[in-house]
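Protein sequence lines, in the order shown, are assigned to chains H and F.
Using the working numbering, the first residue of the first sequence is number 94, and each one after it goes up by one.
Using the working numbering, the first residue of the second sequence is number 226, and each one after it goes up by one.
By construction, these hints were calculated from the structure, which means they are not laboratory data.
Check before you lean on any hint, since a few could be wrong.
To be verified - With a Cα cut of at most 27 Å, we get these calculated BS3-like pairs of lysine-lysine: (1) F:K232 / F:K301; (2) F:K281 / H:K147; (3) F:K566 / H:K100; (4) F:K528 / H:K100.
Claimed, not checked - Here are some of the chain F residues that sit facing chain H, going by a computed Cβ distance under 7 Å: (5) K528; (6) Q534; (7) T562; (8) P576.
Note that this is a predicted model, so its numbers are computed, not measured.
Ideal Cβ positions, reconstructed from N, Cα and C, are used throughout, including at glycine.
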Amino acid sequence: MEIEAIKTGLRDYIVTQFSIPAGDVDFNDEVHLFDYGYIDSFGAVHLLNFVQTKFGINVGQADLIAYPMNSIGEIATFVSLRQQGQV
Amino acid sequence: MPHLVVKLPNTAGEYLAQVRYALPFVSEDLVAYEIRESDGEVRVEFRDGADMQEMKTRVDRLLERYSTNEFGLKTKVNFEQKRDLPPIDAWAGMLERKWATPVGEGHAILRGPAAQLMALIDHKVLSVFASEFQAELEIFPSTIRSETLQRCNHFTSFPEHMDFVAHLKPDLDVLKDFSTACRDEGWAPRHHDGRMSVNDFAISPSCCYHAYEGMEGWDLEKPGRSITAILGCHRYEGSNHKYLSRLRAFTMREVIWVGQPPFVINSRARSEALIEQWARDWELSCTLEAANDMFFTDDFSVKASFQRQQEAKRELRMDIPSEGGSLSVFSSNFHSTTFGKAFGITVGGRPATSGCVGWGCERWVYALLSQFGFDPAQWPAGLREEYREFTSAGFPRKAATAAV
Chain H
94 MEIEAIKTGL RDYIVTQFSI PAGDVDFNDE VHLFDYGYID SFGAVHLLNF VQTKFGINVG
154 QADLIAYPMN SIGEIATFVS LRQQGQV
Chain F
226 MPHLVVKLPN TAGEYLAQVR YALPFVSEDL VAYEIRESDG EVRVEFRDGA DMQEMKTRVD
286 RLLERYSTNE FGLKTKVNFE QKRDLPPIDA WAGMLERKWA TPVGEGHAIL RGPAAQLMAL
346 IDHKVLSVFA SEFQAELEIF PSTIRSETLQ RCNHFTSFPE HMDFVAHLKP DLDVLKDFST
406 ACRDEGWAPR HHDGRMSVND FAISPSCCYH AYEGMEGWDL EKPGRSITAI LGCHRYEGSN
466 HKYLSRLRAF TMREVIWVGQ PPFVINSRAR SEALIEQWAR DWELSCTLEA ANDMFFTDDF
526 SVKASFQRQQ EAKRELRMDI PSEGGSLSVF SSNFHSTTFG KAFGITVGGR PATSGCVGWG
586 CERWVYALLS QFGFDPAQWP AGLREEYREF TSAGFPRKAA TAAV
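Based on the provided sequences and hints, a complete structural model is requested.
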């Protein structure tokens, strides 16, 4: 899957699931989702389930520690690499 | 005595630590357990009459819950200062000197230099941290609405902790019967049966929850607020209670930030720099490292990993030479918008983020005495001088003289 398509899927899910208002000036593909309060630890559980189901990959605890997954861009990069078997 | 011997699915240190913590909560019928690392098994003893098939199911379920965790992940250490210190049994020494008296499971009275040390810790937090952040003092009640804890998601992460508060039913007959039973037979737990009112409060398991419920619906001025408070908290820990390192009733001082993300994140970072300086000044043998809570629920694994990945929790752990381990005495936490959203706190129209740093006051006393002993003259110069200055200032001196 193209990385832009992955980003779009993630963006749509996060905006809907976490009620991000249209026109939020801080929200973009590079913003730190946790530091800026878009997602908390409970939201992370939902996001992780979504990523695994939607993109058909497995994300282990070691992955959460080893790879930066703080922004839409970082998560999309990981998903893309995992789908290609590169991580 | 009926018992089970169960194979451990994992023998990694972190796994065993989680299992050790959680096993006492398997059942009220559990009497004792022993983890035999070399054999890779755990022996669990139960009361006579326990349903052993049910107990086996429960033990297996608990061992399975944590076995899905990928243990052995490297701990990120932000600061480390190690000293070669002799083992000192701080609790035994405090009892011997009458600096402490146990008053029930996980409850202790401190006096003399132990009480003074604890007062010094709090004084230092106020003078260094609270002043740095111009934190506003708030005074909290010791109990908290169960409804508030529900909104803080406490029950879905740490249900085992709770010490609920209840009172006798406001009913003339109930009050008379209870009083009569206590007079005639002495107080006993059975006298409460059927006579307690509906639970609505709990003893607060943490200091900062009141801060958030107190600001419900507020729209804060940018960049946010700094608050400090101290509270006697309760956490029930089953047979894990240990003087003074794991008390049921303990004291927590916190500095709390609620506001815009950079304000909270930078304040937290600054506080960690200050605690590192404190560790240097007092020559503590310790580490500041990423940590996770002992979530007691089936989604433990994801929550704990996420907390570690985000470094949402860091702890200052002081070495306890007599135990060959370390003890968390300070934690630094970032909550994102969990509480801002739960209580409708906004800043500039957006949900506020929050963070806090907390000191377990009795643990500091225990760790300091474990590292440096009971004679202030032998303490590191920085600690010794601050203690001397603090105790000569007036208020705590009389107690010190009486106890030494």
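Query raised in the report: Looking at the structure, which of the earlier hints fail to hold?
Result: 1 and 2
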